[in-house]
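Go by the hints and put chains L and X onto chain Y.
Residue numbers (the numbering used here), protein chains in the order written: chain Y, 1 to 338; chain L, 1 to 247; chain X, 1 to 297.
Everything labelled a hint here was simulated from the structure, so no lab data went into it.
One thing to keep in mind: the hints can contain errors.
[To be verified] Calculated lysine to any residue pairs in the SDA-like style (CA-CA distance at most 20 Å, straight line):
(1) X:Lys120 / X:Asp228
(2) X:Lys120 / Y:Val295
(3) Y:Lys282 / X:Pro125
(4) Y:Lys309 / Y:Leu299
(5) X:Lys120 / Y:Ile285
(6) Y:Lys282 / Y:Val301
(7) Y:Lys205 / X:His227
(8) Y:Lys309 / X:Pro14
(9) X:Lys120 / Y:Ile294
(10) Y:Lys309 / X:Leu150
(11) X:Lys120 / X:His227
(12) Y:Lys309 / X:His101
(13) Y:Lys205 / L:Thr89
[Claimed, not checked] A few chain Y residues facing chain L, derived, Cβ under 7 Å:
(14) Phe193
(15) Ala199
(16) Phe209
[As the list claims (entries may be wrong)] If you anchor each label on the Cβ, the simulated ranges turn out as follows:
(17) X:Leu122 / Y:Trp215: 44 to 50 Å
(18) X:Thr224 / Y:Asp145: 16 to 22 Å
(19) L:Pro117 / X:Gly124: 55 to 61 Å
Cβ coordinates follow ideal geometry from the N, Cα and C atoms, glycine included.
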Amino acid sequence: MRDRLMLSMRASHAFMTIFAVGAVLCALWGSATGDSFYLRLGTEALILAGLAMSVELLLGYGGLLSLGQALYFGAGAYVSALVLRETPSFWLAMGAAFGFTLALGIIGGLIANRVRGVYFALITFGMAQVAAKTVYNTRELGGSDGLIGVPQIAVPLGPYSVSAADPVAFFLFVLGFMTLLYLLLAYLLGTPFGRVLTAMKANEKRVPFLGYSIWRARMVAYVVAALVAGVSGALYPMLRGFVSPELMFFETSGDALIMAVIGGLGTLVGAFYGAALITALKSVIGSWTEHHLIVIGALFVAAILFMPKGLIGRIRPRAEAILGGKRAIRAEAQEEHP
Amino acid sequence: MSDPAMHIAGIGISFGGLRAVDNVDFQAERNAITTVIGPNGAGKTTLFNLISGALRPDRGRVELAGVDVTGFAPAALQRAGLARSFQITNLFFDLTVWENLRIASQVLEPVSRALLPVAASRRALARVDALIERFGLEDVETDLAGALSHGEQRRLEIAMALASEPSVLLLDEPTQGMSHSDTEDTAALIRGLTSDVSILLIEHDIGLVMSLSDHVVVMNQGRKLAEGTPETIRANPEVQAAYFGSA
Amino acid sequence: MTATLDYIHFILAPQMLNGLALGVSVILVALGLTIIFGLLDVINMSHGEFYAIGAFGALALSWLGVNYWLLIALVPLLMIPVAVLVERHLIRRVYDSADRHTSTLLLTFGLALILEDLLKILFGPNTHRPENPLPGATDLFGIFIPTYRLFLIGIGIAVVLAVAFVTYRTRLGAMVRAASFDANMAGSLGVRVGVVYSGAFAFGVALAGLAGVLLAPIYSVFPTMGHDFILMAFTVVIVGGMGSIWGAVIAGVALTQVQAISSLVISPVWADPIVFAVMVLVLMVRPQGLFGRLGHA
Numbered sequence: 001m002r003d004r005l006m007l008s009m010r011a012s013h014a015f016m017t018i019f020a021v022g023a024v025l026c027a028l029w030g031s032a033t034g035d036s037f038y039l040r041l042g043t044e045a046l047i048l049a050g051l052a053m054s055v056e057l058l059l060g061y062g063g064l065l066s067l068g069q070a071l072y073f074g075a076g077a078y079v080s081a082l083v084l085r086e087t088p089s090f091w092l093a094m095g096a097a098f099g100f101t102l103a104l105g106i107i108g109g110l111i112a113n114r115v116r117g118v119y120f121a122l123i124t125f126g127m128a129q130v131a132a133k134t135v136y137n138t139r140e141l142g143g144s145d146g147l148i149g150v151p152q153i154a155v156p157l158g159p160y161s162v163s164a165a166d167p168v169a170f171f172l173f174v175l176g177f178m179t180l181l182y183l184l185l186a187y188l189l190g191t192p193f194g195r196v197l198t199a200m201k202a203n204e205k206r207v208p209f210l211g212y213s214i215w216r217a218r219m220v221a222y223v224v225a226a227l228v229a230g231v232s233g234a235l236y237p238m239l240r241g242f243v244s245p246e247l248m249f250f251e252t253s254g255d256a257l258i259m260a261v262i263g264g265l266g267t268l269v270g271a272f273y274g275a276a277l278i279t280a281l282k283s284v285i286g287s288w289t290e291h292h293l294i295v296i297g298a299l300f301v302a303a304i305l306f307m308p309k310g311l312i313g314r315i316r317p318r319a320e321a322i323l324g325g326k327r328a329i330r331a332e333a334q335e336e337h338p
Numbered sequence: 001m002s003d004p005a006m007h008i009a010g011i012g013i014s015f016g017g018l019r020a021v022d023n024v025d026f027q028a029e030r031n032a033i034t035t036v037i038g039p040n041g042a043g044k045t046t047l048f049n050l051i052s053g054a055l056r057p058d059r060g061r062v063e064l065a066g067v068d069v070t071g072f073a074p075a076a077l078q079r080a081g082l083a084r085s086f087q088i089t090n091l092f093f094d095l096t097v098w099e100n101l102r103i104a105s106q107v108l109e110p111v112s113r114a115l116l117p118v119a120a121s122r123r124a125l126a127r128v129d130a131l132i133e134r135f136g137l138e139d140v141e142t143d144l145a146g147a148l149s150h151g152e153q154r155r156l157e158i159a160m161a162l163a164s165e166p167s168v169l170l171l172d173e174p175t176q177g178m179s180h181s182d183t184e185d186t187a188a189l190i191r192g193l194t195s196d197v198s199i200l201l202i203e204h205d206i207g208l209v210m211s212l213s214d215h216v217v218v219m220n221q222g223r224k225l226a227e228g229t230p231e232t233i234r235a236n237p238e239v240q241a242a243y244f245g246s247a
Numbered sequence: 001m002t003a004t005l006d007y008i009h010f011i012l013a014p015q016m017l018n019g020l021a022l023g024v025s026v027i028l029v030a031l032g033l034t035i036i037f038g039l040l041d042v043i044n045m046s047h048g049e050f051y052a053i054g055a056f057g058a059l060a061l062s063w064l065g066v067n068y069w070l071l072i073a074l075v076p077l078l079m080i081p082v083a084v085l086v087e088r089h090l091i092r093r094v095y096d097s098a099d100r101h102t103s104t105l106l107l108t109f110g111l112a113l114i115l116e117d118l119l120k121i122l123f124g125p126n127t128h129r130p131e132n133p134l135p136g137a138t139d140l141f142g143i144f145i146p147t148y149r150l151f152l153i154g155i156g157i158a159v160v161l162a163v164a165f166v167t168y169r170t171r172l173g174a175m176v177r178a179a180s181f182d183a184n185m186a187g188s189l190g191v192r193v194g195v196v197y198s199g200a201f202a203f204g205v206a207l208a209g210l211a212g213v214l215l216a217p218i219y220s221v222f223p224t225m226g227h228d229f230i231l232m233a234f235t236v237v238i239v240g241g242m243g244s245i246w247g248a249v250i251a252g253v254a255l256t257q258v259q260a261i262s263s264l265v266i267s268p269v270w271a272d273p274i275v276f277a278v279m280v281l282v283l284m285v286r287p288q289g290l291f292g293r294l295g296h297a
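Bound-form chain Y, shown alone:
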């Protein structure tokens, strides 16, 4: 297989299929037992997977470390909450969150893409801090309490309607939504734009000499990542009925980074596995001690030291070998021992 990106993407699709099937089975189990706590938790994990996917796109494929993706996640959540409190319409809330994070992403991109490397990381961090503290201080946005009382809505899907109050149905809806987002991003990475992005990560200095504008590619990646984070965030108040400034804090951006890294940078699907794992860990550890940070931190450090490609990155070569034959193994071996 001479096109490794396509091959690795096929392998990712296989893992996505496994994930989706597993998630549907969980939903069936939840429906049978009448559980709502774990289904809601699972829905939250899926929403966070959306945020982690935006990190995947930027860092995993473009090599751009953003420490402020929570800015767009939180912005999407707040806009969605504000709209829903006035008019409980799913599509209106989604449209507003999309439009707002698009505008915000363009502004943020124009600011952040003036600089590179470590300065890009710090400027994204600073922007998110300014926004988070501003929201925190703004009484009209509920200040430190956030906005509560977001009504539970029904999502109209053609002839059907999914109630956000129904844990099984809403879980399946968010699963479908995130799968769609995943497929869109996978498609985007398979286009010439996606190629320029991966080339940029591999060797940024060479790209302009092939006739491509680095700035443009970074800008598109940044805005798309902002949109992905924004529409994911827009689902949050539909699930939980409230938004709080914590959604914009660095802790949220950091969580997304941890999920993407542990799941596997450069695999896209790793975002789902990472989000599921971290959410589950927090819940399990949280049930007997409040010290989940030390476990997650240790796991994260261990991943960086011993498994820099993450869970999926670690097992993906086998899937690639099955899908692409021996040639894939050869390229993979070269990467391990250059």
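Structure of chains L and X alone, referenced to chain Y:
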């Protein structure tokens, strides 16, 4: 008479007080190999950077087929038909050979296709296949560029520069660090390229320059010392004094 | 006229002096950050936690009856071996990865999570208020200022001068700067680059620990105390120019003064967003900061 492939008109740049390149003037004819030579520090690499857009000249012009492209950014120059290779191998080491060429040739596709799947860009794909065959990279097309031998990497470097179907190809010491037999193969390969493209070469290896070039420009201390056919350059006493070190 | 003078005398001047005390502490933390970045090219996201460890270390040792004045020297010294271990066994392992900035930043971020929770496990989530070793206030030209803050300003200035002297005026400093400028070259000149890296990291961490000890008596001590403080320190480092000692000093004083004075006029809750906006603005206009970089200027 048609325009030359490239016209360098009185180009120059200073760093601090030093005139690194001073009023250099020459033309590169179509479908020919024009070579710039000169001792170390003569300003060859700076000249190359001026032409390829890495540096912006203080004075003078660069024209591609009669069009002024002075001061174009590298990406714009590339799109205007000027491609370059690098002296130090500069590839996408984590991508396969095929992917390297794929990214280099997709610039041929119109922007309107930027959001269609890669598989849809047939012209770019055909270009990749042609280059792989021409440069003898069939056996390694699925290998990572970082895992190739030095000679293969140098060939891939040239192939990538050629992938966008440029009108002028700038080659910066293409045989740098190659074995003798690799050098000869590469020279033959470069010779064969002139049917499609005009070549401006920077080269250290005098033997190679003399056998390969149609036209030679000699630089010394930032200035053009002489130009002409390899024979006239070899016979020029000034060049011999400055470059070959014999009085 | 008297009203204006009174305002300056009783409101503005004390506020500025308090701001200076805070500024000195921020500078100590920022110095460590900027040295580690300037020499190792590492953004140390766990720096705020090392600062908190310094404060908790002082607290724990004072419970054991160690004299406060001894702690000022003891705690930073105790942190050196810890820092050397961290540099040797964690950070160094990812130096050579494809993108050093990203991998070291992520690694130290993970470390920060671990250290913060460790402090919570050892000391609980509550806030502690250590005893002030210099209670009371001093009359300085008619301005009453807590004696401890005056001491803090004095010792801070002394430390900054000592750091600058070592870095710019000694053979050791020259070696360290050479290693940051070109590790290979310095290595071939006989500088033991590995030792320099460990030493520089330990030195930066020790400075953070010192800041923790010094600030413990006037600020509360709690496990997440590093969070807000480190953001300010990051801003100082960025505005001053990453890796520049004098840049950090000037930016540290300037930014804390802006914060102190502006909090007289507008609600102090807006101080943070303003400081971060300054950081974003500086990054946009002059990402290398207002001053050069250590070893590069």
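Which hint numbers doesn't this structure obey? Violated hints: 7, 8 and 10; rest satisfied.
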